[in-house]
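> Here is how the chains run, residue by residue.
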Amino acid sequence: MVEMTNLPEDPRPEDSPVSAAIGGGGESWWKIRLALMRRSFRDNWKIFRRNKVGVFGLVIIAFWGIMAVMPTVFFATGFWTPAVYDPVTGLELDPPTRTMTMVERITDPNTEIDRRAVLLDGRIPDTLQIGDTFELPLQPAPPDGRHWLGTDPLGRDILSQLMHGARASFFLGIVAAVVTVVIGTTIGSVAAYFGGMVDSFLMRLADLLIMIPGVALLIVIGAVFTYQLWHLAVVIGVLSGFGGTAIVLKSQALAVKVKPFIDAARVAGGSARHIIFYHLIPNVMPLSVLYMMFTVTGAIQSEAVLSFLGIFNTDTSWGLMMNLARTQGYLLQVADFWWLTVPAGLAVTLLSGAFFLVGRGMDEIVNPRLRRR
Amino acid sequence: MTADRLPVEVSGGRAPLLEVSGLVLRYDTEVGEVSAVENVSFSLGRAEAMGLVGESGCGKTSVALSLLRLAPDNARYRSGSILWEGVDLLGLSDQQMRLYRWAEISMVFQGAMNAWNPVYRVGEQIREAMYQHFDPPLSKPETNQRLDDLFRLVGLDPAVQNRYPHELSGGMRQRAVIAMALSCEPKLIIADEPTTALDVIVQAQILEELKEIQEDLGLSILYISHDMAVIAQVTDTIGVMYAGKLVEFGPTREVFRRPRHPYSFLLLSSIPSVTGPRRRPVSLEGTPPNLLAPPAGCRFHPRCPWATEQCRNDEPPMMQIGPSQWAACWNAEQVPEMGDQLP
Amino acid sequence: MIRYLTRRLVQMVLLFLVFLTVTWFLLYILPGDSVALKYAGNPNIPPEAREVALERLGLDKPVLIQFRDYMFNFFQGDLGVSFNQYPRPVVDIIGERLPRTLVLFLTALVTYYWAGFVAGKFLAWRRGNRGEMAVTIGGVGLYSMFLPFFAFMLIWFFSVQLGWLPISKFLDPEQWRDAPFAANEVFMRLFWVTLLTAIAMFMASLAAHRTRGRMLERILRWGGGALVIAAFLFYWFGTEAGQGMRIYAGDIAFHMILPVLTLTLINFAGVMLLTRSSMLETLREDFILTARAKGLPEGMIRDRHAARTALLPVATSLVLAVATVIDGGVITEAVFSWPGMGEILISSVLSEDIPLAVGAFAFIGVLALIGHFVVDVLYGLLDPRIRVTEHG
Chain U
1 MVEMTNLPED
11 PRPEDSPVSA
21 AIGGGGESWW
31 KIRLALMRRS
41 FRDNWKIFRR
51 NKVGVFGLVI
61 IAFWGIMAVM
71 PTVFFATGFW
81 TPAVYDPVTG
91 LELDPPTRTM
101 TMVERITDPN
111 TEIDRRAVLL
121 DGRIPDTLQI
131 GDTFELPLQP
141 APPDGRHWLG
151 TDPLGRDILS
161 QLMHGARASF
171 FLGIVAAVVT
181 VVIGTTIGSV
191 AAYFGGMVDS
201 FLMRLADLLI
211 MIPGVALLIV
221 IGAVFTYQLW
231 HLAVVIGVLS
241 GFGGTAIVLK
251 SQALAVKVKP
261 FIDAARVAGG
271 SARHIIFYHL
281 IPNVMPLSVL
291 YMMFTVTGAI
301 QSEAVLSFLG
311 IFNTDTSWGL
321 MMNLARTQGY
331 LLQVADFWWL
341 TVPAGLAVTL
351 LSGAFFLVGR
361 GMDEIVNPRL
371 RRR
Chain Y
374 MTADRLPVEV
384 SGGRAPLLEV
394 SGLVLRYDTE
404 VGEVSAVENV
414 SFSLGRAEAM
424 GLVGESGCGK
434 TSVALSLLRL
444 APDNARYRSG
454 SILWEGVDLL
464 GLSDQQMRLY
474 RWAEISMVFQ
484 GAMNAWNPVY
494 RVGEQIREAM
504 YQHFDPPLSK
514 PETNQRLDDL
524 FRLVGLDPAV
534 QNRYPHELSG
544 GMRQRAVIAM
554 ALSCEPKLII
564 ADEPTTALDV
574 IVQAQILEEL
584 KEIQEDLGLS
594 ILYISHDMAV
604 IAQVTDTIGV
614 MYAGKLVEFG
624 PTREVFRRPR
634 HPYSFLLLSS
644 IPSVTGPRRR
654 PVSLEGTPPN
664 LLAPPAGCRF
674 HPRCPWATEQ
684 CRNDEPPMMQ
694 IGPSQWAACW
704 NAEQVPEMGD
714 QLP
Chain E
717 MIRYLTRRLV
727 QMVLLFLVFL
737 TVTWFLLYIL
747 PGDSVALKYA
757 GNPNIPPEAR
767 EVALERLGLD
777 KPVLIQFRDY
787 MFNFFQGDLG
797 VSFNQYPRPV
807 VDIIGERLPR
817 TLVLFLTALV
827 TYYWAGFVAG
837 KFLAWRRGNR
847 GEMAVTIGGV
857 GLYSMFLPFF
867 AFMLIWFFSV
877 QLGWLPISKF
887 LDPEQWRDAP
897 FAANEVFMRL
907 FWVTLLTAIA
917 MFMASLAAHR
927 TRGRMLERIL
937 RWGGGALVIA
947 AFLFYWFGTE
957 AGQGMRIYAG
967 DIAFHMILPV
977 LTLTLINFAG
987 VMLLTRSSML
997 ETLREDFILT
1007 ARAKGLPEGM
1017 IRDRHAARTA
1027 LLPVATSLVL
1037 AVATVIDGGV
1047 ITEAVFSWPG
1057 MGEILISSVL
1067 SEDIPLAVGA
1077 FAFIGVLALI
1087 GHFVVDVLYG
1097 LLDPRIRVTE
1107 HG
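Protein chains in written order, with our numbering: chain U, 1 to 373; chain Y, 374 to 716; chain E, 717 to 1108.
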């Protein structure tokens, strides 16, 4: 069983049954709560810091955090111009070229169209004769001084897309995590507090939800809705919040429910709402933060998969970058066009993995029995 | 057990069963070396019941586990020896040591609830030990017969062996643990807090039965407990440990009548006596020392009412006080008899 | 045990009904009749044809009637007709695809649980914090590896660079041009033979686990395993039925290697990490100390005591993992164009073939439910505490 830690069992002196019943305390109530939170945060940070794995994850998250902020800086300082570096509409007008010599002209016998010319998108002047040399624009272009990670088949900067993709991932992950935590703690606490029918209903619902393969469901939903990033975040959050997270948090809330201060609040006439929101939820919070991390991992992965499969439409995302590489046929030419797939693929892996690592690091705080002795 | 499985070095035939001398055990930890057992020596004869008492963390369990060489991985034996019938257990290879475990020395663990693997039947878990240690191996009917006998011996229905641990009550589990400890005919049983988790009535029954079994089978038992009452009831000799050191050793009767170490005295005074002279229970002030950096001199001096300058500087050795009583105290003579008033 | 299982079974069936209802409403009702739109709104379809199509599809009836019909038909095995592969019934398509998914899924599941468990067991047994960080980071890295990316890297490496394995698909059409068998026939044969082999292997190792003689255990484990493998080979090389199909079955199996490898590698790490921490936890238990004190050999303490008990939380995790594993399967099928349930799900969704999509999704749900039920049974068998409490 998971045990509570660090949050003191009886959260504050003012929280005597009497003041709880009157609902008084007001300002000082919050001050104390805040001070306690700060203290427990400090203590927990000390424990967390010792966990190398968690810190490693945090470093990766920080790296991507910086990546997500960089485009704003680059555009603001004029280092990047939107015309070239915009992740969606940007275009490198002056790509690197390769000098080629025309050795033969092939004309399709049926259509009389110069096939080579078609292949090269009409970029070879008609006047070109055999033996002439010409400059073939390279698109996708390999990394160079202007585009540190090269450009994609449409001539857009990969690094810029990667940075904007980080932004999308953070947004998605955080929204999904917040939704999960809000729903999960509420459902878990309500089920634990009321028990009986309410509990049974909510837990059967959770049973159902954990059984549903999330990606498959999102694919099916994708068949009938065109949804946006935040829709996706909410759906993932709801699935996880009502499902697995609710189950775990309920058992945690049950453990809190039997503690004496809950009885004290109840004896003093605290309403169900009061007890749930002021006593149960704050005490299951640490564990829910842990589940938040795992939700982020899942959310980032799901989005990437959906974008990759072309089911989910968004402007920029890591999955979409790989989707483009796939639809344009570069996916299996990893050695020649690595910048189209490897940065995006690694980005998904690293960021989602980093949240998972942080979650594991936090596990040691939330589950004291795992702590090193 | 056949003799050829054990490297026998019988020393004169009258060697005690177990002789621990100068045992020093330290734990390697991230913050430094914890001195858990410091220069502990005692011996235990055949068919003798001895007790080791002390507060939790005083090293008594470390001593017990050392006899089976089961101390945690970070344990380091700095010096000393554990002679079992003349053979130093600390010098054996892991494979040789394995043959001594259970066959010669078995153990009744603290908190018998967790001593059972939840996924196997009780009988199965005893059988696997018997399967390891009988040479020639017992046949199937012999094993079953022995198992039935063992269960009857400890006062359980032999049918209990087909149950899972979680289906037994605390008392039943503890009895089954004793049956398991007896299964390979050991010469010594280490009973680490054998009754702590049980209610008082079951506790008394089990202690009574253990005592009977010990006398009937001629076993030696080493009781490990923080509970003076338990020790008084069942042991012949007693060792008192404080902060990793053995501070007093002697016949139980003597030590209880006239402890010669202040710690033993205070420990005994802290339990109210029903039959003895009326006195006020005293409480022991202070806390046990930090074993990462034990105090200089006598480890008990910060809490000792009789402490002198000498106690603060020089570590007292074990000194013979009575015919068979030893204490590690410079001022052993000043420790009053039980029932006397504190100075 | 029986009562417990019956209760779980009833719960599962009820859950499935809810699941089906929700799915149906989600797809048919919410999008503002997108099915009808596909036909009604398409100017290329003449009005009369549209009427006929709508009527045949039952789309002209009120929603609740449609729902009732759908449920009725579902349990009679009629899931409607695919739009895109008209007039092929959905059930027919699913009937063909489901075993393919199952095979991929089960092979990968067994492989990675076994490999992960064994790896985790040994990692924990070596103990110490040495390499803990490397193992955790490596494990998490593999676990959170972006599946399509990883799959394509494997394809690129093994198929493009080395040319050892086929890039994708279920079989090699060149080789099958004059085949005297239908692909499905061969596949089903392969399926049954392999399943029987796996069951026989499992029985042998179970028997080995049960015995106490170490010699006997070894004979059963290795000898039994060898015997089963010999029987398996004999079927394909020695019997007439097997010989004829061998090349074709071999081709299908050849195409399975890479998808199974992908799924195994991705999921293996999670099981390994979990087993490792569960095992480390178990090693601290008193009964391990008891086992040591009893003088049991180390291998016995590791396998019979620590690993066997550490298996319990790992088995529980399987309950939560069923959905994740199915998701992984869906993605893998898409990447490898493996014609299974996941691949139909995605292609039908992309081509807006709603009946097929619902059917596929419903059966993926069935798969998840059955998976759960099996895991429940398994858990009951593994943990005597469950077995007995439920006796009541």
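It should be emphasised that the hints constitute simulated quantities derived from the structure, not laboratory data. Even glycine gets a Cβ: it sits at the ideal position worked out from N, Cα and C. Be aware that a few hints might be false.
What the hints assert, rightly or not - Quick list of in silico lysine to any residue cross-link-like pairs, SDA-like style, CA-CA up to 20 Å: (1) U:K46 to E:V738; (2) U:K52 to U:R42; (3) U:K52 to E:T1040.
Unchecked claim - Chain U is nowhere near these chain E residues, computed Cβ spacing over 12 Å in every case: (4) N789; (5) F865; (6) R893; (7) M931; (8) I1070.
> Decide, holds or violated, for the assertion that all CB atoms of chain U are farther than 12 Å from the CB of F865 of chain E.
violated (3 Å)
> Decide if the proposed pair is consistent with the structure: K46 of chain U and V738 of chain E, CA atoms, cutoff 20 Å inclusive.
violated (47 Å)
> Taking the shortest Cβ-to-Cβ distance between I1070 of chain E and chain U, state whether it exceeds 12 Å.
Contrary to the label, I1070 of chain E does not stay out of reach of chain U, its closest Cβ about 7 Å off (not over 12 Å).
> Going by Cβ atoms, does M931 of chain E stay more than 12 Å from chain U at every point?
holds (40 Å)
> Holds or violated: is the Cβ of R893 of chain E farther than 12 Å from all Cβ atoms of chain U?
holds (25 Å)
> Is it true that the CA of K52 of chain U sits at most 20 Å from the CA of T1040 of chain E?
Roughly 28 Å separates the two Cα atoms, so the pair is violated.
> Need the status of pair K52 of chain U, R42 of chain U: alpha-carbon distance at most 20 Å?
OK: K52 of chain U and R42 of chain U at ~17 Å, within 20 Å.
> The output says N789 of chain E does not contact chain U. Does that hold with a beta carbon cutoff of 12 Å?
holds (19 Å)
When held up to the earlier numbered hints, the structure conflicts with 1, 3, 5, 8 and fits the remainder.
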